[in-house]
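Enquirer: Chains as they are written, first to last, in my numbering: chain F, 14 to 308; chain Y, 244 to 442.
What the hints contain is simulated information worked out from the structure, not anything from laboratory work. Virtual Cβ for every residue (Gly too), placed ideally from N, Cα, C. Please note that the accuracy of each hint is not assured.
In silico contact screen, one side only, chain F against chain Y (beta carbon under 7 Å); selected entries [unchecked claim]:
| # | residue |
| --- | --- |
| 1 | V23 |
| 2 | G52 |
| 3 | R67 |
Cross-link-like lysine-lysine pairs, in silico, DSS-like; alpha carbons within 27 Å at most [what the hints assert, rightly or not]:
| # | chain 1 | residue 1 | chain 2 | residue 2 |
| --- | --- | --- | --- | --- |
| 4 | F | K46 | Y | K251 |
| 5 | Y | K396 | F | K86 |
| 6 | F | K273 | F | K218 |
| 7 | F | K283 | Y | K306 |
| 8 | F | K201 | F | K218 |
| 9 | F | K283 | Y | K279 |
| 10 | Y | K306 | F | K260 |
| 11 | F | K260 | Y | K302 |
| 12 | F | K46 | Y | K336 |
| 13 | F | K201 | F | K187 |
| 14 | Y | K279 | F | K86 |
| 15 | Y | K396 | Y | K251 |
| 16 | F | K280 | F | K290 |
| 17 | F | K283 | Y | K302 |
| 18 | Y | K336 | F | K273 |
| 19 | Y | K302 | F | K86 |
| 20 | F | K201 | F | K127 |
| 21 | Y | K279 | F | K273 |
| 22 | F | K280 | Y | K306 |
| 23 | F | K86 | F | K127 |
| 24 | F | K260 | F | K290 |
| 25 | F | K46 | Y | K335 |
| 26 | F | K218 | Y | K306 |
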Amino acid sequence: MGTTVGSERVKRGMAQMQKNGVIMDVINSEQAKIAEAAGAVAVMALERVPSDIRAAGGVARMADPSIIEQVMKSVSVPVMAKCRIGHVVEARILESLGVDYIDESEVLTPADDKFHVNKRDFTVPFVCGGRDLGEVLRRIAEGASMIRTKGEPGTGNIVEAVKHIRMVQGQIRKIVAMSEDELAAEAKNIGAPFELLLEVHTNGKLPVVNFAAGGIATPADAALMMELGADGVFVGSGIFKSENPEKFGRAVVEATMNFKDYDLLAKLSKDLGTPMKGIELSTLQASERMADRGW
Amino acid sequence: MSVTVTVKIGVLNVQGAVSEHVDHVKWVDAEPVLVKHADDLVDLHGLIIPGGESTTIGKLIRKYGLFEPIIESAQGGMPLFGTCAGMILLAKKIEGHEEPHLALMDVVVNRNSFGRQRESFEADIEVQGISDGLFPAVFIRAPHVVAADQGVKVLATLDGRIVAVQQNHLLAAAFHPELTEDVRMHGYFKRLAEQYQAK
Numbered sequence: 014m015g016t017t018v019g020s021e022r023v024k025r026g027m028a029q030m031q032k033n034g035v036i037m038d039v040i041n042s043e044q045a046k047i048a049e050a051a052g053a054v055a056v057m058a059l060e061r062v063p064s065d066i067r068a069a070g071g072v073a074r075m076a077d078p079s080i081i082e083q084v085m086k087s088v089s090v091p092v093m094a095k096c097r098i099g100h101v102v103e104a105r106i107l108e109s110l111g112v113d114y115i116d117e118s119e120v121l122t123p124a125d126d127k128f129h130v131n132k133r134d135f136t137v138p139f140v141c142g143g144r145d146l147g148e149v150l151r152r153i154a155e156g157a158s159m160i161r162t163k164g165e166p167g168t169g170n171i172v173e174a175v176k177h178i179r180m181v182q183g184q185i186r187k188i189v190a191m192s193e194d195e196l197a198a199e200a201k202n203i204g205a206p207f208e209l210l211l212e213v214h215t216n217g218k219l220p221v222v223n224f225a226a227g228g229i230a231t232p233a234d235a236a237l238m239m240e241l242g243a244d245g246v247f248v249g250s251g252i253f254k255s256e257n258p259e260k261f262g263r264a265v266v267e268a269t270m271n272f273k274d275y276d277l278l279a280k281l282s283k284d285l286g287t288p289m290k291g292i293e294l295s296t297l298q299a300s301e302r303m304a305d306r307g308w
Numbered sequence: 244m245s246v247t248v249t250v251k252i253g254v255l256n257v258q259g260a261v262s263e264h265v266d267h268v269k270w271v272d273a274e275p276v277l278v279k280h281a282d283d284l285v286d287l288h289g290l291i292i293p294g295g296e297s298t299t300i301g302k303l304i305r306k307y308g309l310f311e312p313i314i315e316s317a318q319g320g321m322p323l324f325g326t327c328a329g330m331i332l333l334a335k336k337i338e339g340h341e342e343p344h345l346a347l348m349d350v351v352v353n354r355n356s357f358g359r360q361r362e363s364f365e366a367d368i369e370v371q372g373i374s375d376g377l378f379p380a381v382f383i384r385a386p387h388v389v390a391a392d393q394g395v396k397v398l399a400t401l402d403g404r405i406v407a408v409q410q411n412h413l414l415a416a417a418f419h420p421e422l423t424e425d426v427r428m429h430g431y432f433k434r435l436a437e438q439y440q441a442k
């Protein structure tokens, strides 16, 4: 019987199965098991979490494949891994390892300062970051099957994540309200492919799932992202830089799924210990801002 | 004089492809109800358990006190329809794994039996009594039924693997009808819900 792998529906569908869930950064199999037990819908296998990448400085690259394989063996939930922006070969290596999703991520040092990976060419789906609708739709045009609004990774500061999800949601509302004859000019203004913009105008939403990322440090932060219209959240440094990762992870998972239940959120926020220490954004140099990477 | 009441179909709203199922329920002219708490099950004529991560969903239905009420509703005759993760939740036994979840259907399932995401695929398959021709089936890190007891009707197979089953009022598919625009499986489930409603 004829079967088709890697179709748009199969790749986007994978992300649809993750909705209302939390994807957690892990650096080894112990952390992966804790994340899975806490209710993560997927884990992101990394060599270092973003806050440690910041601290270490230098060039950040794809993780050692042995770390990724170790994580893949230890959990039954999907495993994601990051390649550098535009690094087609890192992406091919990750695909050959059998990861379930590739994150072409600004958290790593970009390999190409002009172009992203042509993700249509791959059987494995990709998630990409975006700060505004134009960037988001360019990534989808390149074949991204899932989007995450960027925030500022590894800061434990939610302000950029709020800015980016509000920007994308606000632009979607604007596009919906426009008349069709205004769309071509708007496509030029925001640097978005016209056909995708027309799709947003017609359907009132992005053609793929959109998670929020970059600075989520508490259950309330995760719930805020859902309140603002995210389909789920990525929590990077927040979980394993907190005092009690297991309890913290569970609380973030529940907060994401019940973001309007404020009594529950109050309960979940109690006695969590110290969350990760955050960074005030104004203290970051322009060169230290990861969200500005991506074209 | 009889008043026709719209058939109400719940969609378990914990995690996964919830809105997709809600759309399908609307498209077959039934009333969708989001189910997160036990109270939401009252007055339903059927419940869909969507695709998502079975471990995550299984954990949370226990935590939110939905576990027993769903089992009781099903034992009382309310039709259930599980897709992908939903099929795993309904199975009596999960191969190579800890305890089962709702354990309502007499089937043994194997998780991720078609491989990882890069092996996920679409195929047009025959679904007995439902598709009348081919049905576009989307398999995402999909399970399959390894063994089914006598009371279980096999509705679809793919390369010799069982991928859709029915046991009286319980329906399960390894694939995702909610990811296509095809409403035939939801239409079939609506008829099960109507039969229950008429009782």
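Enquirer: When you check the alpha-carbon spacing of K46/F and K251/Y, does it fall within 27 Å?
Expert: Violated, at about 39 Å.
Enquirer: Take the C-alpha atoms of K218/F and K306/Y, compute the straight-line distance between them, and say whether it is at most 27 Å.
Expert: Between K218/F and K306/Y the Cα gap is close to 32 Å, so the pair fails against 27 Å, i.e. violated.
Enquirer: Going straight from one Cα to the other, do K46/F and K335/Y come out at no more than 27 Å?
Expert: This hinted pair holds, its Cα atoms lying about 25 Å apart.
Enquirer: Holds or violated: is there a CB of chain Y closer than 7 Å to the CB of R67/F?
Expert: Since chain Y brings no Cβ nearer than about 30 Å to R67/F, farther than 7 Å, the hint is violated.
Enquirer: When you check the alpha-carbon spacing of K46/F and K336/Y, does it fall within 27 Å?
Expert: Given pair K46/F, K336/Y holds - Cα atoms ~22 Å apart, limit 27 Å.
Enquirer: Straight-line Cα separation of K260/F and K302/Y no greater than 27 Å?
Expert: holds (15 Å)
Enquirer: Given the proposed pairing of K201/F with K218/F, does the C-alpha separation stay at or below 27 Å?
Expert: At roughly 19 Å apart (the allowed maximum being 27 Å), K218/F and K201/F satisfy the hint.
Enquirer: Keeping to a limit of 27 Å between CA atoms, is the pair of K336/Y and K273/F held or broken?
Expert: violated (35 Å)
Enquirer: Just to be careful: measuring from the Cβ of V23/F to every Cβ in chain Y, is the smallest value less than 7 Å?
Expert: It holds, given that the least Cβ distance between V23/F and chain Y is near 5 Å, below 7 Å.
Enquirer: Can you confirm whether the C-alpha distance between K396/Y and K86/F stays at or below 27 Å?
Expert: violated (34 Å)
Enquirer: Does the structure keep K283/F and K302/Y at a Cα separation of 27 Å or less?
Expert: holds (21 Å)
Enquirer: Would you check the hint for K280/F and K290/F, treating anything up to 27 Å between C-alpha atoms as holding?
Expert: Cα-Cα ~22 Å, so holds.
Going down the numbered hints, you'll see the structure goes against 3, 4, 5, 14, 18, 23 and 26, while the others check out.
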